[in-house]
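Peer 1: Below are the chains, spelled out letter by letter.
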Amino acid sequence: MIGADAIIKCLEEEGVKAVFGYPGVAICPFYNSILHSDIESILVRTEQNAGHAASGYARVTGEVGVCAVTSGPGATNLITGIATAFADSIPMVAITGQVNSSLLGSDVFQEADITGAVESFVKYSYLIKDVQDIPRVFKEAFYIANSGRKGPVLIDVPIDVQNAPLKHFKYPEEVNLRTYKPTVKGHAVQIKKVIKELENAKRPIICAGGGVLLSDAQEELRTFAEKYHIPVVSTMMGIGVMPSRHPMYFGMVGNNGKPYANRAMNESDMLIMVGARVADRAIAQPDLITENKLLVHIDVDPAEIGKNCGPHIPLVGDAKHIFEDILNQEFSCEHPEWIARLQEYRDSMAPKRNPDPKYVDPAKFIEILSEKMEDDAIYVADVGQNQIWSCGYVNVRKGRFLTTGGMGTMGYSIPAAMGAKRALGKDRQVVAVCGDGSFQMSMMEFATIRQHNIPIKVIVLKNTVLGMVREYQHYTYHDQYSVIDLSGSPDLEKLAMAYDIPFTRVFNMENVEQKIENFLKEDGTGLMECIIDPSDLVK
Amino acid sequence: MKRIYSVLVENRSGVLSKVAGLFSRRCFNIDSLAVGETEDPGVSCMTIVSSGDERMIEQIEKQLNKKLDVIKIKTFDEQAAISRELMLVKVKYNKNNRKEIMEICEAMKAEIVDMSQNMMMIQICAAPDRTAMLIKLLASISIVEIARTGTLALPRCQETE
Numbered sequence: 001m002i003g004a005d006a007i008i009k010c011l012e013e014e015g016v017k018a019v020f021g022y023p024g025v026a027i028c029p030f031y032n033s034i035l036h037s038d039i040e041s042i043l044v045r046t047e048q049n050a051g052h053a054a055s056g057y058a059r060v061t062g063e064v065g066v067c068a069v070t071s072g073p074g075a076t077n078l079i080t081g082i083a084t085a086f087a088d089s090i091p092m093v094a095i096t097g098q099v100n101s102s103l104l105g106s107d108v109f110q111e112a113d114i115t116g117a118v119e120s121f122v123k124y125s126y127l128i129k130d131v132q133d134i135p136r137v138f139k140e141a142f143y144i145a146n147s148g149r150k151g152p153v154l155i156d157v158p159i160d161v162q163n164a165p166l167k168h169f170k171y172p173e174e175v176n177l178r179t180y181k182p183t184v185k186g187h188a189v190q191i192k193k194v195i196k197e198l199e200n201a202k203r204p205i206i207c208a209g210g211g212v213l214l215s216d217a218q219e220e221l222r223t224f225a226e227k228y229h230i231p232v233v234s235t236m237m238g239i240g241v242m243p244s245r246h247p248m249y250f251g252m253v254g255n256n257g258k259p260y261a262n263r264a265m266n267e268s269d270m271l272i273m274v275g276a277r278v279a280d281r282a283i284a285q286p287d288l289i290t291e292n293k294l295l296v297h298i299d300v301d302p303a304e305i306g307k308n309c310g311p312h313i314p315l316v317g318d319a320k321h322i323f324e325d326i327l328n329q330e331f332s333c334e335h336p337e338w339i340a341r342l343q344e345y346r347d348s349m350a351p352k353r354n355p356d357p358k359y360v361d362p363a364k365f366i367e368i369l370s371e372k373m374e375d376d377a378i379y380v381a382d383v384g385q386n387q388i389w390s391c392g393y394v395n396v397r398k399g400r401f402l403t404t405g406g407m408g409t410m411g412y413s414i415p416a417a418m419g420a421k422r423a424l425g426k427d428r429q430v431v432a433v434c435g436d437g438s439f440q441m442s443m444m445e446f447a448t449i450r451q452h453n454i455p456i457k458v459i460v461l462k463n464t465v466l467g468m469v470r471e472y473q474h475y476t477y478h479d480q481y482s483v484i485d486l487s488g489s490p491d492l493e494k495l496a497m498a499y500d501i502p503f504t505r506v507f508n509m510e511n512v513e514q515k516i517e518n519f520l521k522e523d524g525t526g527l528m529e530c531i532i533d534p535s536d537l538v539k
Numbered sequence: 540m541k542r543i544y545s546v547l548v549e550n551r552s553g554v555l556s557k558v559a560g561l562f563s564r565r566c567f568n569i570d571s572l573a574v575g576e577t578e579d580p581g582v583s584c585m586t587i588v589s590s591g592d593e594r595m596i597e598q599i600e601k602q603l604n605k606k607l608d609v610i611k612i613k614t615f616d617e618q619a620a621i622s623r624e625l626m627l628v629k630v631k632y633n634k635n636n637r638k639e640i641m642e643i644c645e646a647m648k649a650e651i652v653d654m655s656q657n658m659m660m661i662q663i664c665a666a667p668d669r670t671a672m673l674i675k676l677l678a679s680i681s682i683v684e685i686a687r688t689g690t691l692a693l694p695r696c697q698e699t700e
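If you're matching them up, the sequences are chains W and D in order. Numbered according to our numbering, the first sequence terminates at residue 539, and the numbering increases by one at each position without gaps. Numbered according to our numbering, the second sequence terminates at residue 700, and the numbering increases by one at each position without gaps.
You may find that some hints are simply not true.
Between beta-carbon pairs, the in silico distance windows are [said to hold, decoys possible]:
hint, chain 1, residue 1, chain 2, residue 2, range
1, W, L288, D, E639, 57 to 65 Å
2, W, E291, D, L555, 52 to 60 Å
3, W, N292, D, F615, 31 to 39 Å
4, D, D616, W, F169, 45 to 53 Å
5, W, A284, D, A671, 39 to 47 Å
6, D, K611, W, N292, 34 to 42 Å
7, W, N292, D, E578, 22 to 30 Å
8, W, T61, D, T577, 36 to 44 Å
9, W, N292, D, Q618, 32 to 40 Å
Hints are computed from structural coordinates only; laboratory data are not their basis. Think of the CB as a built atom: it goes at the ideal place given N, C-alpha and C, for glycine as much as any other residue.
Isolated chain W (complex conformation) (with noise of 0.2 Å):
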């Protein structure tokens, strides 16, 4: 055995059954070793989407999704996979050949520092020098990206390492780190005070972010805003955590969220902020946020709580043990005059639209798509004004929203997508939509799609503009446009036929609820490419 095939082995270990990836030559051990496994590696066609897919596939499944590319310019392209995953505390273990050891240091070809780049944006980095070290890194490494605040981890494996013969592969049971023990269990006294604060609420409410998603705690929300009657909003990262359409739900809060859902943030007297960040996308002035309300702040991360505001109960743990140990003790509450104020807020102050009906409105339109889906399906958000309307409009029930909502990697929704698919296998639906810009960050993804037969759908909202820098031109420099013309974009219909994937084009919402059901109903991949008016705007 060597060190590539005991990589494999950590790998089988772990019960990975997909890598995606992009070989060369310091990372061909491990890619003649992947060989002889059950593992299937799936060929992306840059290196980003190695980690996009990777991250679709961790998010759905909860389990760490694995990416693998060469040393230098592979390693280097993956970066803004990793630093995705980092922002949006996705579980990641991302392996990258290395020039061999001896030469480390000296600027051979296709030589790059990669641990020291990606220091800021991992949980943590490994550079193996020894082939022993092999297993115990491995085992480290897949814990520590799938626990406490999930994130990616790297492990950089020079080419000599993976060669060197092991004579010995024993997989430790448990990982022994003095220095990482993340507190999963909330503070007894700590829990205690927001009982009794609960107690005392007129107007409580929830704000859950991507952290109850992460740690798999959505039945115990839904329990928990139920059981007291008490309202939830959620961030971007959050949307999902309760279905759209339910009562207690009152939508995304935040500058391209619900006005509702910020007011309804704003008159609380009560803010339970769970598993968010309360980062300036979703909180404007978070050092305002506690002149009018008592603060609870939930997090696994302590560093998150105290970082953009203080609040005045803080809470250290996982999301599910909390509310589970909330639920566990005695006491009731209800707010129905709060409950009531908010659905007449969620009824009279929807925003409204004025669509050009020359055009498919994108906001019915997401609407309409999300209804059609399945009741489980996953819905796959790109970057750009696309993502807003998603958010907006979507109608989750039983299924995920996924979207880089830390980071905003446009290109994230055709990879993602495409890791997801391969997780979940052929009885999930999965839709990606994206704009005709973050479409063509990733559109080389259909050859990977086909090649590897894992169908997705993909809806493109075409503008032919940036749509969201145009819409921050409209307002910042009064419609002084620089930049922003997509025009010189493929025909798409053309771009389908190469791929060899059936395409629909809608121009407009006649007869719409028809096309995306047919466009739903296919077998394999489509494309859907919708036209929509470019100088919409999601406000």
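Once you have looked at the hints, place chain D on chain W.
Peer 2: Showing chain D alone in chain W's frame:
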């Protein structure tokens, strides 16, 4: 507000750059930084003196704690610790000021550790405010170069059972 962080870290390559990188990335200040092995060769101790408002001081500790190479952090303010800095100062002298320099050294409990016809090297090991005072006193004469360790500190001794 000044704060001293005594940080025990795994003695591995790259740890110093990770800790220093954390400070620069998050816009935390480093007033001084001293690193050395502890009684356990697998563990190094970094003594970092930083300053900032209350929120920043709390964040520094929390963010350091997130680093997987950090074993333990003790933080304290200057009053709660004994802090020392070692400094070597090379000065140029002549027969008119030689006596004055030697008087300063005596008053400051500094030692002359090397000498030539017109240069001398002075060593002081003292609390950071005293090393700063020595620099001030010698500055009017002629300082040629200075090397200093940065602050080392440990919390004051307390009775234990």
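Peer 1: All hints are to be evaluated individually against the structure, with a verdict given for each.
Peer 2: Results of checking the hints against the structure:
1. The beta-carbon spacing between L288/W and E639/D, approximately 59 Å, falls within the hinted interval of 57 to 65 Å.
2. The beta-carbon spacing between E291/W and L555/D, approximately 42 Å, falls outside the hinted interval of 52 to 60 Å.
3. Take N292/W and F615/D: their Cβ atoms lie about 36 Å apart, and the range 31 to 39 Å holds.
4. At about 51 Å, the CB distance of D616/D to F169/W agrees with the hint of 45 to 53 Å.
5. A hinted range of 39 to 47 Å holds for the C-beta pair A284/W and A671/D, which are about 43 Å apart.
6. One distance hint, 34 to 42 Å for the beta-carbon pair K611/D and N292/W, holds here, with the actual separation near 39 Å.
7. Range check, N292/W to E578/D: Cβ separation about 53 Å, and the 22 to 30 Å hint is violated.
8. At roughly 42 Å, the beta-carbon separation of T61/W and T577/D lies within the given 36 to 44 Å, and the hint holds.
9. Checking the proposed 32 to 40 Å range against N292/W and Q618/D shows it holds: the Cβ atoms sit about 37 Å from each other.
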